[in-house]
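Novice: Sequence:
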Amino acid sequence: MEKVDKLDKKILGILSKNARMPFKDVAAECGVSRAAIHQRVQHLIDNGVITGSGFYVNPKSLGYSTCTYVGLNLERGSMYKKVVERLQTIPEIVECHFTTGSYTMLVKLYARDNEQLMDLLNNQLQTIPGVVSTETLISLEQSIKREIAVAPDTDEE
Numbered sequence: 001m002e003k004v005d006k007l008d009k010k011i012l013g014i015l016s017k018n019a020r021m022p023f024k025d026v027a028a029e030c031g032v033s034r035a036a037i038h039q040r041v042q043h044l045i046d047n048g049v050i051t052g053s054g055f056y057v058n059p060k061s062l063g064y065s066t067c068t069y070v071g072l073n074l075e076r077g078s079m080y081k082k083v084v085e086r087l088q089t090i091p092e093i094v095e096c097h098f099t100t101g102s103y104t105m106l107v108k109l110y111a112r113d114n115e116q117l118m119d120l121l122n123n124q125l126q127t128i129p130g131v132v133s134t135e136t137l138i139s140l141e142q143s144i145k146r147e148i149a150v151a152p153d154t155d156e157e
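Residue numbers for the sequence shown, in my numbering: 1 to 157.
The hints are simulated quantities; they were obtained by calculation from the structure and are not laboratory data. Treat the hints loosely; a few may be bogus.
[What the hints assert, rightly or not] With a Cα cut of at most 30 Å, we get these calculated DSS-like pairs of lysine-lysine:
{"no.": "1", "residue 1": "145", "residue 2": "60"}
{"no.": "2", "residue 1": "17", "residue 2": "145"}
{"no.": "3", "residue 1": "82", "residue 2": "17"}
{"no.": "4", "residue 1": "145", "residue 2": "3"}
{"no.": "5", "residue 1": "17", "residue 2": "3"}
{"no.": "6", "residue 1": "24", "residue 2": "3"}
{"no.": "7", "residue 1": "145", "residue 2": "9"}
[As the list claims (entries may be wrong)] Here are the in silico distance ranges between beta carbons for each label pair:
{"no.": "8", "residue 1": "122", "residue 2": "42", "range": "26 to 34 Å"}
{"no.": "9", "residue 1": "28", "residue 2": "91", "range": "35 to 43 Å"}
{"no.": "10", "residue 1": "86", "residue 2": "31", "range": "45 to 53 Å"}
{"no.": "11", "residue 1": "28", "residue 2": "78", "range": "47 to 55 Å"}
{"no.": "12", "residue 1": "5", "residue 2": "25", "range": "18 to 26 Å"}
All C-beta atoms in this analysis are idealised placements derived from N, C-alpha and C, irrespective of residue type, glycine included.
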């Protein structure tokens, strides 16, 4: 991956706060042309620095009132990929991580209510071959949601 320079970091900092900001406004804030911003952003996409863009959909607006994190323990860590294949078929799961510490895996899911959560746990997650235990943590409130901070280099240029 190529080095991200000071201008790239400034662009990333602006777009991480508002991905919908028009390139002309980003250009004005950076003191360069709109074409330069377009080229830089395309280069950042091509090099995997920017990995996506889109809209955040509030799960509650779709009836999903319960955000839950579930720690999974597997018989063997080597079963991870097979378990992930099964987890991908459960649309309520929005994140999955292979972790160190207390759990082999950590998943984030949304449920409409406690009844659906119980079904997801008992009839879907706990029935996956290789899953030996689960621990459920219900999020009461999301207080912070943001991208990683992009700090400009102070020693460059």
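Novice: Confirm or reject each hint.
Specialist: Each hint, compared with the structure:
Straight-line distance between C-alpha atoms of residue 145 and residue 60 comes to about 15 Å, which keeps the hinted pair within the 30 Å bound. A hinted pair counts as satisfied when its Cα atoms are at most 30 Å apart, and residue 17 with residue 145 qualifies at roughly 11 Å. Simply put, residue 82 and residue 17 have alpha-carbon atoms about 36 Å apart, too far for the 30 Å limit, and the pair is violated. With a C-alpha separation of about 26 Å, the suggested pairing of residue 145 with residue 3 holds against the 30 Å cut-off.
In summary, the hint linking residue 17 to residue 3 is supported, as the alpha carbons are separated by about 22 Å, within the 30 Å threshold. In summary, the hint linking residue 24 to residue 3 is supported, as the alpha carbons are separated by about 24 Å, within the 30 Å threshold. Distance check on the hinted pair: residue 145 and residue 9 sit about 20 Å apart at the alpha-carbon level, within 30 Å; holds. Under the hint 26 to 34 Å, the C-beta atoms of residue 122 and residue 42, about 47 Å apart, miss the expected range.
In this structure, residue 28 and residue 91 meet the distance hint of 35 to 43 Å, their C-beta atoms being roughly 41 Å apart. Checked against the hint of 45 to 53 Å, the pair residue 86 and residue 31 passes, with Cβ atoms roughly 51 Å apart. Between residue 28 and residue 78, the C-beta spacing of about 53 Å keeps the proposed range 47 to 55 Å intact. A C-beta distance of roughly 21 Å is found between residue 5 and residue 25, which places it inside the suggested range of 18 to 26 Å.
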